[in-house]
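Chains as they are written, first to last, in our numbering: chain A, 27 to 140; chain B, 5 to 114.
Do not take every clue at face value.
Said to hold, decoys possible - For lysine-lysine, the following DSS-like pairs were computed, each having C-alpha atoms within a straight-line distance of at most 27 Å: (1) Lys6/B - Lys49/B; (2) Lys49/B - Lys96/A; (3) Lys40/A - Lys83/A; (4) Lys109/A - Lys40/A; (5) Lys40/A - Lys97/A; (6) Lys109/A - Lys46/B; (7) Lys83/A - Lys96/A; (8) Lys35/A - Lys96/A; (9) Lys83/A - Lys83/B; (10) Lys46/B - Lys40/A; (11) Lys97/A - Lys46/B; (12) Lys35/A - Lys109/A; (13) Lys6/B - Lys109/A; (14) Lys49/B - Lys83/B; (15) Lys83/A - Lys49/B; (16) Lys96/A - Lys83/B; (17) Lys49/B - Lys97/A; (18) Lys97/A - Lys35/A; (19) Lys83/B - Lys97/A; (20) Lys6/B - Lys35/A; (21) Lys83/A - Lys97/A.
It should be emphasised that the hints constitute simulated quantities derived from the structure, not laboratory data.
Small disclaimer: the values here were computed from a predicted structure and weren't measured.
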Amino acid sequence: DGGITQSPKYLFRKEGQNVTLSCEQNLNHDAMYWYRQDPGQGLRLIYYSQIVNDFQKGDIAEGYSVSREKKESFPLTVTSAQKNPTAFYLCASSMVQGGQETQYFGPGTRLLVL
Amino acid sequence: RKEVEQDPGPFNVPEGATVAFNCTYSNSASQSFFWYRQDCRKEPKLLMSVYSSGNEDGRFTAQLNRASQYISLLIRDSKLSDSATYLCAVNYFTGNQFYFGTGTSLTVIP
Numbered sequence: 027d028g029g030i031t032q033s034p035k036y037l038f039r040k041e042g043q044n045v046t047l048s049c050e051q052n053l054n055h056d057a058m059y060w061y062r063q064d065p066g067q068g069l070r071l072i073y074y075s076q077i078v079n080d081f082q083k084g085d086i087a088e089g090y091s092v093s094r095e096k097k098e099s100f101p102l103t104v105t106s107a108q109k110n111p112t113a114f115y116l117c118a119s120s121m122v123q124g125g126q127e128t129q130y131f132g133p134g135t136r137l138l139v140l
Numbered sequence: 005r006k007e008v009e010q011d012p013g014p015f016n017v018p019e020g021a022t023v024a025f026n027c028t029y030s031n032s033a034s035q036s037f038f039w040y041r042q043d044c045r046k047e048p049k050l051l052m053s054v055y056s057s058g059n060e061d062g063r064f065t066a067q068l069n070r071a072s073q074y075i076s077l078l079i080r081d082s083k084l085s086d087s088a089t090y091l092c093a094v095n096y097f098t099g100n101q102f103y104f105g106t107g108t109s110l111t112v113i114p
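Assemble the whole structure, with the sequences as input and the hints as a guide.
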């Protein structure tokens, strides 16, 4: 099956702990993205990567870090510096088809702080 | 000013009704436009792209008005299963980030 997978589905973090959210895609998409969704606030971009070994900060990058060592993988680390990490985290990837870039989402990870 | 704005609703409509959502965008250079559907506690799923000449997919019609900088989604003959949040998205150019609206909530009532 082709698609975007995220794990785990639910993640619990203790105060002061770093946690890493996994995102893998086998669609051969070049670009990958991380968003955070809070109730009533829509999707906010954390980081995105257009190619391997390169990534750019989005609107709310503080307290997060990413890596892009492989085309298929774009893990997100939520560090202890992120003071309000409870949210729904969505990974996406995009492809260019017919001159238009289209974005697709993984199933998401819900992060809860204990 | 937000890049993309939507009326959050909620829109509560009876089965069989026609309902329309609008989404305004601030950057006239925006090139690509999309509608996504998001069910409760699920990821957004691409509903349809929006093309300059307008496009239709079954009961769904999407239109783009570049002069007034908005896109619209029309749902005809609403079904209970259409109940969801509808997000619009714009992309300025390939390789740039996508901008999403906060979503419009639709509930179709029996």
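Comparing the hints with the structure gives:
1. For the hint pairing Lys6/B with Lys49/B, the CA-to-CA distance comes to about 22 Å; that is within 27 Å, so the pair holds.
2. Taken as a hint, the Lys49/B and Lys96/A pair is honoured in the structure, with Cα atoms around 25 Å apart against an allowance of 27 Å.
3. Simply put, Lys40/A and Lys83/A have alpha-carbon atoms about 25 Å apart, close enough for the 27 Å limit, and the pair holds.
4. Distance hint between Lys109/A and Lys40/A is fulfilled; the C-alpha atoms sit about 11 Å from each other, no more than 27 Å.
5. Pair hint Lys40/A plus Lys97/A does not hold up; C-alpha atoms about 31 Å apart against a cutoff of 27 Å.
6. Pair hint Lys109/A plus Lys46/B holds up; C-alpha atoms about 24 Å apart against a cutoff of 27 Å.
7. Distance restraint check for Lys83/A and Lys96/A: the Cα-Cα separation of roughly 18 Å lies within the 27 Å cut-off, and the hinted pair is therefore satisfied.
8. At most 27 Å may separate the alpha-carbon atoms for a hinted pair to count; Lys35/A and Lys96/A meet this at roughly 22 Å.
9. For the given pair, Lys83/A sits about 40 Å from Lys83/B by alpha-carbon distance, which is inconsistent with the 27 Å threshold.
10. For the hint linking Lys46/B to Lys40/A, the alpha-carbon distance of about 24 Å falls within 27 Å, and the restraint holds.
11. Of the supplied pair hints, the one linking Lys97/A and Lys46/B holds, its CA atoms being roughly 25 Å apart against a limit of 27 Å.
12. For a cut-off of 27 Å, the pair hint linking Lys35/A to Lys109/A stands: about 21 Å separates their Cα positions.
13. Our distance criterion of 27 Å between C-alpha atoms is met by Lys6/B and Lys109/A, whose separation comes to about 24 Å.
14. Our distance criterion of 27 Å between C-alpha atoms is met by Lys49/B and Lys83/B, whose separation comes to about 18 Å.
15. A C-alpha spacing of about 24 Å is found between Lys83/A and Lys49/B, which places the hinted pair at or below 27 Å, so the restraint holds.
16. For the hint linking Lys96/A to Lys83/B, the alpha-carbon distance of about 42 Å lies beyond 27 Å, and the restraint is violated.
17. For the proposed pair Lys49/B and Lys97/A, the alpha carbon gap of about 22 Å is at most 27 Å, so the pair holds.
18. For the hint linking Lys97/A to Lys35/A, the alpha-carbon distance of about 22 Å falls within 27 Å, and the restraint holds.
19. Our distance criterion of 27 Å between C-alpha atoms is broken by Lys83/B and Lys97/A, whose separation comes to about 40 Å.
20. A C-alpha spacing of about 30 Å is found between Lys6/B and Lys35/A, which places the hinted pair above 27 Å, so the restraint is violated.
21. Under the criterion of a C-alpha separation no larger than 27 Å, the hint pairing Lys83/A with Lys97/A is consistent with the structure, at around 18 Å.
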